[in-house]
Structure formats: C-alpha cells, structure tokens
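*Asks:* Top to bottom, those sequences are chains A and B. Heads up: the first sequence at position 623 corresponds to 623 in my numbering, and the numbers run straight through without jumps. Heads up: the second sequence at position 52 corresponds to 52 in my numbering, and the numbers run straight through without jumps.
The hints are simulated quantities; they were obtained by calculation from the structure and are not laboratory data. Just to be clear, a hint being listed does not mean it is correct.
Covered, in the sense of this in silico footprint (three residues per stretch, anywhere, with C-beta under 8 Å from a C-beta of chain B), are these stretches of chain A [what the hints assert, rightly or not]:
# : region
1 : 10 to 17
2 : 347 to 353
3 : 375 to 385
Glycine residues also receive a C-beta, built at the ideal position from the N, C-alpha and C atoms.
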Amino acid sequence: MSTRFYKVLRDLSSDSAKSLMLILSIALGIFGIGTILGSYSVIQREMKDNYMGTVPASATIEVDSAISKEIIDSIKSIPGIAEAERNASVVARMKVGEKWYPLLLFVIDDFENKRTNKYERISGVTNPELGSILVERTAYGMMQAKEGDELLIKTAHGNPQKVKLAGTVHDAGLAPAWQEQSGYGYVSLLTLHSLGETQGFDQLRILVSEHNDSETHIQECAQKAAQLLKSNGYEVHEIQVPPPGKHPHQGQMTTVMRIFIVFSFLILILGSILVATSISTLMVKQIRQIGVMKTIGANSTQIATLYFLMIVMVSTMALLVAVPLSRMAASSFTNQLAVLLNLEIRNSLIPNWVPALQTAASILIPLLITSLPIVRGSRISVKAALDNTGVNPNSVNKNQWVIKLSRISFLSEVTRLSIRNVFRQQARLLMTLGLLAAGGAMFMTAMNVAEAWNENLKLIYVQRLYDLEVRLNEPIDTDSIVAKLKKLDGVARVEAWNYTSTSFSKNSEFEITRTYPDKGHGSFSMQAVPIGTTVFNPSVVEGTWLQSAMAREVVLNQSSRGYLQIGDSVTLTIDGKPTAWRVIGFTVDVGSPALAYVSFDAFSEVTKLRKKSKMLRIGYFDRSKQSAYAKNKEVESLLEKEQAGINATIPVWLLHNAIAAHMKVLVNSLLAMAVLMALVGTLGLMSTMSMNILERTREIGMMRAIGATPATINKLIIMEGMFIGTFSLIIAFALSLALSSYMGNKIGHLAFRTPLSLTISFAGMGIWIAIILVGSYIATWYPAKRANRITTREALAYE
Amino acid sequence: MNSPQTKNMIELTKVSKSFALPAGSFQALKEINLTIPSGQLVAITGKSGSGKSTLLNMIAGIDKPTDGLVLVNGVQVANLSESALATWRGKNIGVVFQFFQLLPTLTILENVMLPMDFCNSYPKNTRRERALSLLELVNIREQADKLPSTLSGGQQQRVAIARALANDPPIIIADEPTGNLDSQTATSIFELFASLTKSGKTVIIVTHEKDFSAYFEKVIAIADGVILN
Numbered sequence: 001m002s003t004r005f006y007k008v009l010r011d012l013s014s015d016s017a018k019s020l021m022l023i024l025s026i027a028l029g030i031f032g033i034g035t036i037l038g039s040y041s042v043i044q045r046e047m048k049d050n051y052m053g054t055v056p057a058s059a060t061i062e063v064d065s066a067i068s069k070e071i072i073d074s075i076k077s078i079p080g081i082a083e084a085e086r087n088a089s090v091v092a093r094m095k096v097g098e099k100w101y102p103l104l105l106f107v108i109d110d111f112e113n114k115r116t117n118k119y120e121r122i123s124g125v126t127n128p129e130l131g132s133i134l135v136e137r138t139a140y141g142m143m144q145a146k147e148g149d150e151l152l153i154k155t156a157h158g159n160p161q162k163v164k165l166a167g168t169v170h171d172a173g174l175a176p177a178w179q180e181q182s183g184y185g186y187v188s189l190l191t192l193h194s195l196g197e198t199q200g201f202d203q204l205r206i207l208v209s210e211h212n213d214s215e216t217h218i219q220e221c222a223q224k225a226a227q228l229l230k231s232n233g234y235e236v237h238e239i240q241v242p243p244p245g246k247h248p249h250q251g252q253m254t255t256v257m258r259i260f261i262v263f264s265f266l267i268l269i270l271g272s273i274l275v276a277t278s279i280s281t282l283m284v285k286q287i288r289q290i291g292v293m294k295t296i297g298a299n300s301t302q303i304a305t306l307y308f309l310m311i312v313m314v315s316t317m318a319l320l321v322a323v324p325l326s327r328m329a330a331s332s333f334t335n336q337l338a339v340l341l342n343l344e345i346r347n348s349l350i351p352n353w354v355p356a357l358q359t360a361a362s363i364l365i366p367l368l369i370t371s372l373p374i375v376r377g378s379r380i381s382v383k384a385a386l387d388n389t390g391v392n393p394n395s396v397n398k399n400q401w402v403i404k405l406s407r408i409s410f411l412s413e414v415t416r417l418s419i420r421n422v423f424r425q426q427a428r429l430l431m432t433l434g435l436l437a438a439g440g441a442m443f444m445t446a447m448n449v450a451e452a453w454n455e456n457l458k459l460i461y462v463q464r465l466y467d468l469e470v471r472l473n474e475p476i477d478t479d480s481i482v483a484k485l486k487k488l489d490g491v492a493r494v495e496a497w498n499y500t501s502t503s504f505s506k507n508s509e510f511e512i513t514r515t516y517p518d519k520g521h522g523s524f525s526m527q528a529v530p531i532g533t534t535v536f537n538p539s540v541v542e543g544t545w546l547q548s549a550m551a552r553e554v555v556l557n558q559s560s561r562g563y564l565q566i567g568d569s570v571t572l573t574i575d576g577k578p579t580a581w582r583v584i585g586f587t588v589d590v591g592s593p594a595l596a597y598v599s600f601d602a603f604s605e606v607t608k609l610r611k612k613s614k615m616l617r618i619g620y621f622d623r624s625k626q627s628a629y630a631k632n633k634e635v636e637s638l639l640e641k642e643q644a645g646i647n648a649t650i651p652v653w654l655l656h657n658a659i660a661a662h663m664k665v666l667v668n669s670l671l672a673m674a675v676l677m678a679l680v681g682t683l684g685l686m687s688t689m690s691m692n693i694l695e696r697t698r699e700i701g702m703m704r705a706i707g708a709t710p711a712t713i714n715k716l717i718i719m720e721g722m723f724i725g726t727f728s729l730i731i732a733f734a735l736s737l738a739l740s741s742y743m744g745n746k747i748g749h750l751a752f753r754t755p756l757s758l759t760i761s762f763a764g765m766g767i768w769i770a771i772i773l774v775g776s777y778i779a780t781w782y783p784a785k786r787a788n789r790i791t792t793r794e795a796l797a798y799e
Numbered sequence: 001m002n003s004p005q006t007k008n009m010i011e012l013t014k015v016s017k018s019f020a021l022p023a024g025s026f027q028a029l030k031e032i033n034l035t036i037p038s039g040q041l042v043a044i045t046g047k048s049g050s051g052k053s054t055l056l057n058m059i060a061g062i063d064k065p066t067d068g069l070v071l072v073n074g075v076q077v078a079n080l081s082e083s084a085l086a087t088w089r090g091k092n093i094g095v096v097f098q099f100f101q102l103l104p105t106l107t108i109l110e111n112v113m114l115p116m117d118f119c120n121s122y123p124k125n126t127r128r129e130r131a132l133s134l135l136e137l138v139n140i141r142e143q144a145d146k147l148p149s150t151l152s153g154g155q156q157q158r159v160a161i162a163r164a165l166a167n168d169p170p171i172i173i174a175d176e177p178t179g180n181l182d183s184q185t186a187t188s189i190f191e192l193f194a195s196l197t198k199s200g201k202t203v204i205i206v207t208h209e210k211d212f213s214a215y216f217e218k219v220i221a222i223a224d225g226v227i228l229n
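With the rest of the complex left out, here is chain A (with noise of 0.2 Å):
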C-alpha cells in the first residue's frame, strides 16, 4: 500500500469520533434508500403474483336475473373469451357485540373448481355446507370470531340468522377487511337462500384469452358477452372492466414509495452534504499540509485523490454498516405493507439491483457533492496553502454589508465580532445553512403534511352534516320514517335522499365501469339530493350547488369530473339508460368514490320513482363516536320495527376511521422520515459548528492574551451558532411550504384525488426551532469550553 492511503486512514482514524459520525450520516441515507426500495421490489413483485395468482377475471357482467348454466357454455365459445364463470355478491350485515357492521357475501357456484377471482384456502372446510360461510383471513378481527364459531347475520331481505364460520382462506385481491370497516364471507347460493334471499348469480366473469392487458380489448370482448346475455332475454346493468392486472391498490401503493424513495434520497443528500462540509473543514484544517504535501513534490490530481479516497472509505463503511441493517428493515417494512395490503410474501428475496444502487449511490452522490471544495482545497498553490491564516482576505472586503450590518449601534463588540466571523468561511457557510435548511425543511415537511391530512380527515365531519347512511333495499316512501326518526331523542337532522350506480353513457350500448369486484375501489355512483339539504355541506371549487328542484342539473366531484367544464352536457346512465345532465358545479369531496350530484325531484322524475327514496341520511346534536353508536342502535331498531329493509347501514365515523386505516402506515412513515431528518439536521448542525470553532483555536488563543475572559469567549462562540441557526430557520421554512404543498398535493391525490390543504405544523415548527437553537447551542458549547480550557500557549501553537 502506499505510504500517502497510511494518511488517508490515520487521518480517518485519528478522530475517530467524526469519522463515525461521517459515516453514520452518509449510512442514514444508504439505509432509507435500502429499506424502501427493499420492501417497494419486493412488494411489487408479490403484489403482481398474489393478484395474478387469483386469476382476477377480466370482466364482470352485472345482469337483473339468474344466469343459468347453459348461457355459460355458449358465453365460453365466444371467441377470444377463454372462461366464463356465474357469481354473485351481495351486502348483508353482520352483528359484532352491539353493533352491525357491513359483510359482503361473494356467492361461489363451485367451491371445489373456482375459476377466476381465486382464494387460497388456509384451513376448515372446502365447500361449505348450509348455514355455514368461508371467511377471508383479515375479516375475523372484524367480526372478533375465529373458525368455528358462529355469527349473527342478516340479509337485505331476510331474518337476522346466525351461521357457522366453517373455513378460512385468503382472498389477495380484496384489501384488508378492517381498512374497509367490513365483513368478507364466502357462501353457497343455497345458503344465501336459506338466509332469505332469492337471487340467483345475476354476475358473470369472463376471462380474455388473449391480450388480456388491453382494456379496450376487453372492453370489446365483455361487450360480446353482454349481447349474447341480452340476446337471450336478459338485461344487462353493467359491465365492469377493472384496471387489467392491477391489484387495487397498486397505483396507490406506488405512489406512496416513489415519494419515500425521494425522501431517502434526500436524505442522502443532506448526508453527502455533511460529508462535503466536513471535507472541506478537513482540508482547511490541513492546508498547510497540502502546502507541505505539494513541496515534497505531490500535484494537485494526487491531493485530491487522497480526499476522494477518504470519502470513498467513508462511503464503504456506510455500506457495510447500511446495507445489512436495511435489508433487515426492509423485510419488517414489507411484511406490514403485506398485512395492510392483504398480500401473502411467498418470496422475500429483495433482487441484487437494489443494493448494486445503493453501492452505486453511497459513492457516487457523496463523490459528486464533495467534488467542489475537494477539487479547489486541493488546487491552492503551494505558497497560498503555506501563507494561509483561515480568512480570504478579497471575501473580507467585498462584504461591505456584513459590517454595515454589525456596525448597527446597539449591538456590542462581541456581537460585531460574532457577525463578521459568521461570514467568514463563506462557502462552508453556504454549506452549513444549505445542510440546516434541507434538514428543516424536510422535518417540517413531514410535519406539516401528516398534520395536512389529519386536517382534512377532520373534513369528513365537516362536509357530512348526518353522522349515519341508511342504505334501503327498495325505495319506499319515507316520509312517516323521517318524521318519527325526526321525534328521536338527539337526532338534529333526516333526510331522504337517493342513490344509483350510474357511469358516463359512452357511444356504446352498454354500461362500463371499472369497478372492482369489492364493490368500492373504482365505482361511480350518483347521488339524488333534496335542494337546500342540511345534511350535506359540499365544498364547491367552481360553478354552483343544486338549486333548481326540477333543473336537470348535476354536479360533479373531484373523482368524476374528469376532464368536463361547466355548462357540458353529460349522459348518465341510470339503471342502464342514458339520461341527459348538464354541468353545473365541482365539488371536493373527502373520503368519497366518484359521484355525481343530482336534484332530487328532478331524479324522481326521471326514475318515475314519484318521491320515493332509497337512502336516509341522518345527523345528531351529539356527533362524537360514543355517542353515534347508541344513536345509530336506536335509529336501526326503529327502522326495523318500521319494516323498512335495511340494506347497509354506514356511520360517518366507519368510513372516518376506513379512511384514516388506509393510509395510516404513510402518516406514521412520514414521521418516521421526518425523525431520521431531525437525526442527519442535528448531527450536520453539531459538526460544522464544532468544526467552525475547532479551526479557530489558534485565533481564540490571540484573543486571550490580548485580554479575553473565558465569559466573553463563549459569549462570542455561542452567539455565532445562533446567528447561523436562525437564519438557517428562515430559509427552512420558506422551503418546507414549497415542500409541503408539493408533497400535500402528491399524497392528496392520492388518497381523495385533491390536493391536501396547506397546514403549518406549529408543533414541527416549534420542535424544529428547539433542535435548532438547543442543537446550536450544545454544538458550539464544548468546543467554546475546550477552547477555554487549554493555555493561551497552546491555543496559539495548534495547528
């Protein structure tokens, strides 16, 4: 080895403790970049072999009667159809202690030969026998029961009936049943029957056999399908074509990582820059032995060279430290992606890529950032390296505004004195502030979009002014409901409304949507609203609300507005038909599918349903979530004394928490984010301010002998670090409200399709200033008290 690689590592290893902290800040990065793209390739993959595995069926016919067996076996010789297969669905309720929960009831044809949407089943029964249901894995927490046990259940039309828990299997293209705040049950149509029902499988699923990623391709097949139904005397609702070989939450979930994936570069970055600052202090510190170096006869290339080695050292211990503690986390990181996205990791293996690039990015990032001062550090003639004293005379002179700026009158010599040195060292100063500012930005950002989106879940209480849906099997007339519900101790406000699946009529005979098979991800409903409703309080963004009563108006949200301007004339199909709406409002809505808003009368008529109504909408002085509970218990048994035929009941503060669930594990990232920023902020923050102060030991020996006290010293060093961390603050904050609005805009989008408000979080902030001035303050705290406490002979002898 040559004798200058013994320097590079003596001077790594002579101070060990910054060494460390190099490398622990360049590993951070390393380390969030490893777990996150660990967990992201690995949770693509198995995400796209779990949903395929199920064999998702391409599309979905809804029909209004039975489909029988006969149609299936022409349907199957329709060219490019490779397989059809009968189903049906159906929402019924399940009791869980007091309250009833929502349960989607899939009815198979054959349990023993499932052809498309398959399970994997895990344990009990294959093919349930009558009474008793197989259930989805994710689902017995919601109905707090295990196989074997038995649960009270009621059907739209039927009795409330308990039935057996008989099996268990798992479902991977159904998200998690406590994300939706619902029940996930596989039955027989005999034993849907039993239950009260009596329809039979009015779905029909067919598989492509060929380009089977294309959607109009499909489309087109599906369309085929729906004519032979129609042909033999059935009538089709819809068809559903869901995004081709896309598990719901794909595109939510490769968001969620791509923003992650920034954020670890990012911090890598701010790592590198920590690097680069401490580099070149390094070789400030060492100049004169860059100027002893270049006179035994090194040029500039072999001086660099050294500093570039240094920096690759560091970068190789990051790794070796990084990379196995990553793949560590990446594995726990992706078994609760799992859990949250119902995915059943068959192969953990994280693919070489991932850490070829964080090889390639823990060297290269650091190399480019520090490339600037090593490159000029290394490049000082030998007489300037020499002759040096730490202050660049030109820079002192062109900064006329530094001393007007510490000539103000009130400010002392200490303060003068700490100004000036602030700017000093100018491009480590930029450095400093650049490290300081990113650090708090970022933290800011993290907080202020966790605390954007707790804000605008807040807005589901705000928008829904009812605090219980009441889904009817048929519409009836409500008016003598309303009223005795209206009598109801606590409840403020009823309303009956309406609700229909609808899509935009497209030149096409039928109906197409892309809703999946759980009925929620992808669906478009429409909404009929009473003119001048008190129990709906829509944020209009541009045009009006309802107003005309008989006006064939609507109003579109943010998940169907698609690209459609006021004053459009849209088709909507009701029921299968095409109706004709004209455009009049956008609303934002928070935690709904795709609607469209319509009058209620004006619905009526077009239904001919004569003021009959489908949907009751309820509020209560008392909104909490105690109080809801009982309220809701005593409107459901009114309703059932009634006779009013539930279908589903759903409380505002279910779809609060289905919300919430979702993307809990991103709000609880993002703060994980915004901790291992504050981490790489305070250990940057702490090192240069030391470095700041190291460097100058020699000077503050000076000010010693000419009469300094220790008292004063501090003053001085202490108030320097405070001057560079409160303008650091400055430049933060501008920056974390680019940041925030950025990122609150990305996750908005993707969790209600509108961007989150921007929200200041005055505890991020507050906790930032905090790290700041108390990080400031610790930082330049010991080199002051070492500088003080070495002789005023050493202090002027230190090299």
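Fit chain B to the known structure of chain A by using the hints.
*Replies:* Okay, now just chain B, sitting in the frame of chain A:
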C-alpha cells in the same frame, strides 16, 4: 535521479517580484542577478520583509517572478505547469521548513517515504530501505516508527531533512531551519547541512544566525529586495 549537472546550479537574471496589495503594489525583489554553483552551502540573510523568503520561493518554484529569468538545474521554472512543477520540485528541491511541517498522522518513516510515493521515484519495494538509511544518515533511525509529536524539535528537524533528501534532489533549501531550536541542536543541524554539500548537494539556507557563518561558502545579504554585496 539528478538532472544533468550544470556548473551553475542556480541562475537568476534580472528577477523582480511585486505583489498587488490593497494599499498598492509592493516590490519584494528588484532586478536580482544571482548565480549559485553546485555543491555549495549558501546563506541568505536579511531582516524581516527584506525579500529573502520571496527569493527562496523563486528558486523552489513556489512563487513565480513578475519579471526576469529563473534557471534551476538547467530548467526554466516559470515555464512549468503547476502539476509538472510539483513533480519537478519533488525530484529537484528538498525543502526544510522552520516549523518542520511533518505530517502529524504519519510515522517518521512514512513521512520520509511520502515524497518517493508522490514522485513515484525508486521502486516501491526499495523505498522503505532507502527511508531507513536516510534516517540513519540523520541519526534518528531508532525513532522510525514513532509519530512526529513524540519527538523533540531537533529530532523533528532531522526527520524533515531526511524527508528533503528522499528523492535525492541536487538542491536543498531551508527557511530558518534552526529558528526554533536551541543553539546546541542548531549546531548539529548545520553540521548535517555542511556534510550534505560534501556529497555534491547545493544547500541554500535562510538564516539569522551569525554564529554559524563559518559553515557558509557564500552569504547573500538582502535588504529591500536588493542584494547588498
């Protein structure tokens, strides 16, 4: 590794150097003419600010003249690029500093080996032996594996001289090499320098010490940028 020996190791012709200072231009050297033959021990003397260090920097290629010609060992120093200059200096000039300037994190032995590493002179496997024999020459071989901070000033200066000799340069220059040493140690350092001229080296020393004038074959007194004698 010597370049071909010339009769005059160093030749300065009408060399001027001025520095631009905020207060105006300052002329450190004024049309200096100087020749130093090889194998001599030469002293440069003068008060602080007289221009003696600037003169030394001109010879070592650490600084370039504003005007005039500097020829060292047959090479016109001002014409070399910064990178070529570094290698040339490493091989042709051994520099000894007043404050020794050993690299603190390298051992004595490694400090002496470093110039050979930078200039890629001598085969790798012989460098250690050469460094040890140089340390032997300056009488400090037994300290080879120690760090500079554990040595006394005189010992450190011996190491610095061994380091200056590492690439076997024809010229050794030293800027007040004994300024920081007691007189007994200083004497032994001067004896060391004198012995180097016997092996053909040209040694140029900036010094205040009048006591050692007996060692010098030539004394160049300088004041206000002009050579007096």
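*Asks:* Taking the hints in turn, state whether each one holds.
*Replies:* Going through the hints against the structure:
1. 10 to 17: holds (count 3)
2. 347 to 353: Violated - the region 347 to 353 of chain A has 0 residues with a Cβ nearer than 8 Å to chain B, which falls short of three.
3. 375 to 385: n = 4 at 8 Å, threshold three: holds.
The structure fails to meet hint 2 from the earlier list, while all remaining hints are met.
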